[in-house]
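Q: Assemble chain B onto chain A, guided by the hints.
As they're listed, the protein sequences go chains A and B. Just so we're aligned, residue 12 is where the first sequence starts under the numbering used here, counting upward by one. Just so we're aligned, residue 1430 is where the second sequence starts under the numbering used here, counting upward by one.
It is possible that some hints are incorrect.
As the list claims (entries may be wrong) - Straight-line alpha carbon distances no greater than 25 Å define the calculated SDA-like cross-link-like pairs of lysine to any residue that follow:
id, chain 1, residue 1, chain 2, residue 2
1, B, 1486, B, 1451
2, B, 1432, A, 94
3, B, 1432, A, 51
4, B, 1486, A, 16
5, B, 1447, B, 1436
6, B, 1499, B, 1451
7, B, 1484, B, 1449
8, A, 67, B, 1529
9, A, 79, B, 1527
10, B, 1486, A, 41
11, A, 63, B, 1530
12, A, 71, B, 1436
13, B, 1484, A, 107
14, A, 63, B, 1449
15, A, 63, B, 1459
16, A, 63, B, 1527
17, B, 1447, B, 1492
18, B, 1499, A, 54
19, B, 1432, A, 48
20, B, 1486, A, 67
21, B, 1500, A, 105
22, A, 71, B, 1531
23, B, 1484, A, 14
24, B, 1432, A, 69
25, B, 1447, B, 1517
26, B, 1486, A, 39
27, B, 1432, A, 79
28, B, 1500, A, 57
29, B, 1432, A, 98
In short, the hints are calculated from the structure, not lab data.
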Amino acid sequence: GDSVTQMEGPVTLSEEAFLTINCTYTATGYPSLFWYVQYPGEGLQLLLKATKADDKGSNKGFEATYRKETTSFHLEKGSVQVSDSAVYFCARTNDYKLSFGAGTTVTVRA
Amino acid sequence: DVKVTQSSRYLVKRTGEKVFLECVQDMDHENMFWYRQDPGLGLRLIYFSYDVKMKEKGDIPEGYSVSREKKERFSLILESASTNQTSMYLCASRPNSGEATEAFFGQGTRLTVV
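So here's chain A without its partners, still in its complex pose (with noise of 0.2 Å):
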């Protein structure tokens, strides 16, 4: 079935430093691809998306280029700060449905 594969964490972090996640979906159809993160004792919100081949979303200095060929979304982020410490979702649409991979853990220390 349709499914996304995320990089496993937990990764930890000094400030400024650069941040990769890796994600790669399965190449069924013509998906949206997002990130979601959610904040320690807060609910997952939309971090960014891309809807087609190429596109690239960002948000909050985080970047993620949609690449059909390799079927992957991965997340990146120049310098991260601690602010940045969350849990991080990769997700695909599926028709109605959104499949998430397993999340990554950022832990961003001082």
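A: Frame of chain A; chain B shown alone:
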């Protein structure tokens, strides 16, 4: 702002009890979802509904049922709670306007079955 409200943040129930988790959204979204979130497993879809009185099984429906009598409300029912249903339950809603639309999530209900 879209608001998805789950009736409880924390619940403790006994094994064998019938449990109702309620979710209400205020943006007239057609689609509503129930997920459970477990460490290392991410979000797994239990049930979803694309219209009033319509429902479809997700990936892990066993032990659960749902009800959608009104567009704004989607209830998850644990017919006979078991300890392996201890989890965080997340409700979401999404408009029916294409695959690129965002899903909005409630704060979650942490259910403990003892």
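Q: Out of the numbered hints, which ones does the structure contradict?
A: Of the numbered hints, 12, 14, 20, 27 do not hold.
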